[in-house]
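Peer 1: Given next are the chains, with one letter for each unit.
There are 2 protein chains.
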Amino acid sequence: MSAPAGAPRVGFWFEFASTYSYPAAMRIESEACAKGVTVLWRPFLLGPIFAAQGMADSPFNLHPAKGRHMWRDLERICAAHGLPFTRAPVFPARSLLATRVALLGQDRPWGPAFVRAVFRRGHGEGADIAAPEVIADALREAGETPALLEAAGTPETKDALRAQVAEADRLGIFGAPSFVVGEELFWGQDRLETALDWARGEG
Amino acid sequence: MSAPAGAPRVGFWFEFASTYSYPAAMRIESEACAKGVTVLWRPFLLGPIFAAQGMADSPFNLHPAKGRHMWRDLERICAAHGLPFTRAPVFPARSLLATRVALLGQDRPWGPAFVRAVFRRGHGEGADIAAPEVIADALREAGETPALLEAAGTPETKDALRAQVAEADRLGIFGAPSFVVGEELFWGQDRLETALDWARGEG
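Going line by line, the protein sequences match chains A and B.
Residues 728 to 930 in the working numbering are what the first sequence spells out, letter by letter.
Residues 728 to 930 in the working numbering are what the second sequence spells out, letter by letter.
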């Protein structure tokens, strides 16, 4: 997935448990492709980021009015983009395993298809993405072997994910999805188009 | 500002201290007019709403990374819409006086012009909107008499503002700006177009 030097690129920072990351993940490749922008897929974990902000849970659980708006808003957004939407039993989902696997694939050809397969299962079908068999299925859908689940548990992968979360923090990321273009940070799925325009130098 | 029965309308809930309310307030009338939607201007206070959520300050102050993004984002948004932007010395601004006056004008012909005059002074020029002379100037710009400042201090106006904040809470509003179309709530200035389309029945 390497782009020509100087080609416009956007860092797409997402979290599988993040509801708004779902429509962003499903939309970004076609939108970016149409604008000639390369996507750098960057899975991370919001838990440590929220914890550093003093939050022990998602703001959507901590603030019920905000949560009610989010669920209805997500329903509207998914309908507008023709995406299935089913609320999973637990929110936020335990996304650690999926995130480690996505990290292994973030710069590999199978990465984006795997990410979409996980998001569709988690937020489109309401599946429990903490279950290894769900992630194995998503790997198969992306044309990869479920044997990658083992690589996801190695100390190297765990360390790499910790480093990725630290990098998110360094970039000033405080929520998901976030888009990074050079030093510019854009937060929220509805800023996707703005971030892509910025990457093209039209911001 | 009354609309024909059945004409599409949107409730525009804003707070003068809210940075994102500024571009929304400057943009909404022309956008709504172009789409044949009537705007119901609804000033309110975020302080009591945040307090009920357990927050003693703006989330942008409580969470520095979120605050840094907001200031840069606002700068980008204002530039994109050709709006002046100057950060006022104090954030959030003390908006009580301006809000009481805006309440008096919310369904009067001078209301929208007054609201824009306050927002331009507060976020466009960085003036202190807690100063009565700034609000008096904004009233003059809207073609009204500064004598209205006295009416803003009556028990009736204070009670009316309390009732308006209670109505915001009843509607599920947790931040500003918010747009209300029937039972549908849209939060955030970048949802303006979506809310207007919803009001037209195209949501």
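Treat the hints with care, as some may be off.
Since copy identity is lost for identical chains, a pair holds within one copy or between any two.
[Said to hold, decoys possible] Keeping only pairs whose Cα atoms sit at most 25 Å apart, straight-line, the calculated DMTMM-like set for lysine to aspartate or glutamate is:
#	residue 1	residue 2
1	Lys793	Glu852
2	Lys793	Asp924
3	Lys762	Glu871
4	Lys793	Glu910
5	Lys762	Asp784
6	Lys885	Glu929
7	Lys793	Asp834
8	Lys762	Glu860
9	Lys762	Asp864
10	Lys885	Asp800
Just so you know, these hints were derived from the structure itself, not from any lab.
Peer 1: Hints first: check each against the structure and report whether it holds.
Peer 2: Hints, one by one, checked against the model:
no.: 1; hint: Lys793 with Glu852; in the structure: within (23 Å within a copy, 31 Å between copies)
no.: 2; hint: Lys793 with Asp924; in the structure: between (29 Å within a copy, 22 Å between copies)
no.: 3; hint: Lys762 with Glu871; in the structure: neither (29 Å within a copy, 49 Å between copies)
no.: 4; hint: Lys793 with Glu910; in the structure: between (29 Å within a copy, 15 Å between copies)
no.: 5; hint: Lys762 with Asp784; in the structure: neither (36 Å within a copy, 40 Å between copies)
no.: 6; hint: Lys885 with Glu929; in the structure: neither (38 Å within a copy, 46 Å between copies)
no.: 7; hint: Lys793 with Asp834; in the structure: neither (34 Å within a copy, 28 Å between copies)
no.: 8; hint: Lys762 with Glu860; in the structure: neither (36 Å within a copy, 49 Å between copies)
no.: 9; hint: Lys762 with Asp864; in the structure: neither (31 Å within a copy, 46 Å between copies)
no.: 10; hint: Lys885 with Asp800; in the structure: neither (34 Å within a copy, 33 Å between copies)
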